[in-house]
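Fit the two chains together into the complex; they arrive one by one in their own frames, and the hints show the way.
Protein chains in written order, with the working numbering: chain A, 6 to 426; chain B, -17 to 292.
Among the hints, erroneous ones may be present.
Among the chain B residues that face chain A by a calculated CB cut under 7 angstroms, a handful are [what the hints assert, rightly or not]:
id, residue
1, 108
2, 109
3, 111
4, 131
5, 151
6, 248
7, 249
8, 257
9, 258
10, 259
11, 262
In short, the hints are calculated from the structure, not lab data.
The C-beta atom is built at its ideal place from N, Cα and C for all residues, glycine as well.
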Amino acid sequence: MRTLTSDIVSLPVAGSQKKDGTLWTLKQRLFLGLTTRQYGQQLCRNPVNWVLALLFAVGFPLLFQRYMYGLGAVTHGSNDYPWGLFLGFGLFGMVPLSASGCLLGTTVSLFGREDFHPIERLALLNGLLGYFFAVIYLEVDLGMPWRLAYPMFVSFGPAAVLFLVAWHVATYLSVQLAEVLPAVFEWIDRPGWKMYIKRITLGLTIAGIILSTLHQGALGALFCYAPSKIHPLWISTEFQWIHFLVSAIFGGLAMVIVSSTLINRYMYWRCGEAFRKSLDNLTLGLAKGASYSMITYLAIKLVAVAHDNEWEYLLTGWGFYYCLEIGLGVVLPMFLFAKGVRDGKTGPVRIAAFITVVGIIWNRLNTSLVCFNYQLYQDIPHWKEIWLTVALYGLYFSVYRFVVYRLPIVFDWDESPSVAK
Amino acid sequence: MFTKTSRRTVLKSGLTGALATLFMRAKSAESHSIKKYPDSSGVLVDLTRCVGCRSCEAACNAEQNLPEPELPFTDKSVFDEGEHGQKRRTDETRYTVVNRYEPEGLDHPLFRKVQCNHCQEPACLSSCFVNAYTKTPEGAVIYDPDICVGCRTCMIACPFYIPTFKYSSAFHPRILKCIFCYDTRLKYGREPACVEACPQDALLFGSRDTLIKIGRRRIEEKGDRYVDHIYGEYEAGGTSWLYLSSVPFEEVGFNTDISDEPILDSVKNFLGIVPMVLTIWPALFTGFHLLATRKEKGVEDQNIHVPEDK
Ligand code: SF4
Ligand code: SF4
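This is chain B alone, in the form it adopts within the complex (with noise of 0.2 angstroms):
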């Protein structure tokens, strides 16, 4: 009687592991497909040509109406500001900001601005267990507020430190980043406030292959200006914002180990397991179950004599 219901139960819970599969396969599939963005758009940075004027993020400010920082914008003495021997980073007042770097050999310091890179496969859309961002055919990558737990995966998966939590508010806590003003600019197919401000040209926005074009034909022309690297152009599988710099990126804080698998790639592996566990697991423990019992249940099998003593 006993195992007879429970051979039963487990059957049953063997098909709903094989429902679960076709259900979690069908899905993962569909995310799992490298997306190709033909209409995205980009933005390419120039290092050589910033001055670390902080229009930007003056204009960032502004359009996000973010707080209003302690130092006015045309202060230089953040630059030498830092946590914990870091350089500025983003956080819920500031979507992007700009770092000074003095690299050996340059007789001038080099900026970099950092915000949000607009990934192709982002690591935050991935990792989010919600779905709480989107890819724009545009190329943004933005966020629901609305449906967000908290749980601050994406900021760990962001190989690139750019989504910040709003730890400050118990009841309206939500992630903030650079969303690429898709709002109020990028959908109506208009260059966020930041490249607008830029009075030095250092930003470019285009169609993202265009912008790669480009970056291109200004190694090639200025050869001795620039090293042969577009910063982003494969990097974690690729970015909507690019960079080109006179010095090597390690030495302007870019993250040179990061890879040009998208991190999606990483977690594959284990998510190709989860359908055979679900399907193979069943059988496999009632198989053993019933290998390890039948003395005692008396199961009678032609096939395998197991000895009566012990």
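Next up, chain A with everything else stripped away, as it sits in the complex (with noise of 0.2 angstroms):
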């Protein structure tokens, strides 16, 4: 276990004033109280910024090739497979894995478990980035990108299944974004404007529970108008958008466990003392909910093949393939969960929670590319497509980190007196 000691390492730029009690200017809030220098400096050192940096010179002209000729310079521009990485990854992988904004919100404003409010506002956090970036990477993938608005002003088509998704993540993008925007008033200084939010919480946590269970199952639903094409095993019209729904509650605890973890152990300067302290229970609290979501996921799973008799597919290849995928990516981290919640260990959870994370983008990778055209042939991807999939998620990563570098979202910020007046 790590120590929770109280080497507190000097927090820069943790409230609006600095000791002398002048506030921070702007510069200094975004370079974090130091020098141009030495904030080039620090970044230099970091060996994952040589990692993104890697990834980000090579990503952007590929970025730039897709928009100059098409998609069909980067992908190999099926007509079998028409949607690749860009969605198989980015939207239907990204957005299960941020439902946690909507899942703490509910915890904390809804059934007032205050006691999670430490780690709510991360969760709010990865749950708007999550669905930002799904979003772009879906502006990556539409061939008329810049039509992107159309199903919401220019053209309706209500009983697809798909113009639901368009209007519940764009709602949602901006029920979330009001969510993390006391974090952002703060930071400004701008206390004050925090009420304007709070007025609206329970009204927002509400709509967001709605708005998610519609766009969760929905992009289950999606998959539903190509019956024919997907394996039965990956695919079950009664059920699917519940398959979605319920991953979508232990991917997002899971993604927050992830989440936290990686913040508590590289960034640990930045962790507020609530947030250190509280860590460890709430993380064993989120275990409980998600081990609690597997075992749902798993009898919806079992009746669906029951349901549509599915039993002798699963002594085929395919068959060993949906085990190694359910066993795997549901039930090891199930029971992984349950152990770490009964002995009281956060151990076994972090890593059940790195698991569950790859087994519900694993999920949505068979069936939106492997299991999908399963009597035709397997398209691996371009790997131009594979390096801008892999670089876009880079560029998520920093802008996470630039908003937890700064922000208060795992600390509290330390109002002035001066400017709450």
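Have a look at this one:
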């Protein structure tokens, strides 16, 4: 166990005022109170940044290529696989992992579990950024990205599942933005503005639940358009939306555990007292929730196989792969979660969370790519498509880190009395 | 103060939800009713008559101003072509292709023409979130490139793998597929270019209902020549293009796993829960909230007794 001793490194820019009582300037806030030189030096010292730089050095030209010469320039441009990694990973994988905002918002604001408060903002931010980047991935993938708003304003196909997804993700993004705004208000010394958000918190939370239920489910339902193309084990026209919805619950929870673990480990200096002290307990709490939803998920998966009477498929190669996915991606982490909770140990829980996150992405990629066109042929994405997908994830990572470094997400902003008035 | 305001907000969101439900219901009801197209035209493709001359491919290419192919249309070597071990398929340069099959126990090959089947309840149409597709009364399924967003869901949804995307263009990409020569011919009651070009009468243009009758008659009269099925009469809700074959359809590349229900039916389950969630969730979760937080907030309620201690 890591010790939570009090060797608290000085927190750079953790409040409105410096020690001498003057306000931090915007530049200082952005550079974490370091000089430009110091800031640049610490950037270079971090090997992670070198990896990111490499990713971007190739990734941005690829992005340029995509927008100048069309999707076909960076992907196989397959008519048999209209959706590739950008959607398979970026949309279908990112969205369930970003259910965290809705889940913890519900826990804290709706069920009044104030004890989860120290991790709530992180969950909200995780949600916001995840959705935001899902939209970015979508913008890379759409044939006419400049028409993104068409389903909202120009032409409507309300009986289409994607219509629902478009509307809900757009509305939900604004809900999440509103939920993260208080942190921004504190950072720009306008804590008073928080009142506006606070008044509508409950409304926002409930709107969040409705929208999340529907669009998480809708992402599953999208695959019901291709009942004859996806392997029967991965598609169930009756239950697909429930599968996606329930797996988003443990996906979202696991993602918060992963993210908080990384932050607590590599950004310990940034974590506030409350966050550090309560993290282990909260992790166990989240793990409990995750393992319950995993049991539910397994049950519904079983029901789907029974309902469509697909037992004999389980004996084929695809069936083996299916069992592998469920076994490694869900059953294994579920036991680890349960074990961790029972023994009060966060170690197994954190490992389980990592596995769960990978498992969710694996499941979504299986549904959208691997088991899609199972009767035709397998398509291995173009290396440029893979690189671009990873580079965009790197961008997500950088933005995530940028925000957590600065905004009061995992620590409490020290509001100076002079500003709060 | 805090709770009061938020409850009002909740009420408001509940109302919005209810309104949205009405909107969704009205709209979806309209598009869910199974449509009948009494005037629908169609084409009856008789595989036993096709000799694989590819005249239809050439005619389509000319009619739709498609780019000239590398190999001329008279070249038969294309039948051996095939990426990923698959037969040729439609793409941005060709709206229709003819493929050769060599079914076992037959001393000659069979040829199958592929193009949009112009479904009665088109999956491409119902999956499109900007309504870029239209099913015309004449039976054609046409597409409007000016509102398409390029999400390619229609390609996912089409059970026949028909719509293709112009991946090669960054600024003017679009979906490309057979439109039954709607603009240039069908609209004026004329048969499509491929039908006109067929030297073997393998393609027969007419009203869909009549074609079904003709197909049945052919099966009855020459029972030894045909399998007893008109592909497209019911598949995926029924299609305007219909097929007769002398061997089981799966042996000549048709997907016989496609069920008779239109694709739209498989998402109805989900669309059905949408109004429910929109109306029930707000009340349900407000209730949960009040129950969960009543102790702290000190809400008085005589009906439910909550013990003070904890
Ligand atoms: S065959 Fe495919 S593209 Fe043609 S109408 Fe049917 S669903 Fe649409
Ligand atoms: S690609 Fe265009 S036509 Fe096809 S579903 Fe998307 S918006 Fe509709």
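Next item on the list: Could you tell me which of the numbered hints above are not met by this structure, giving the numbers in increasing order?
Entry: 8, 9 and 11
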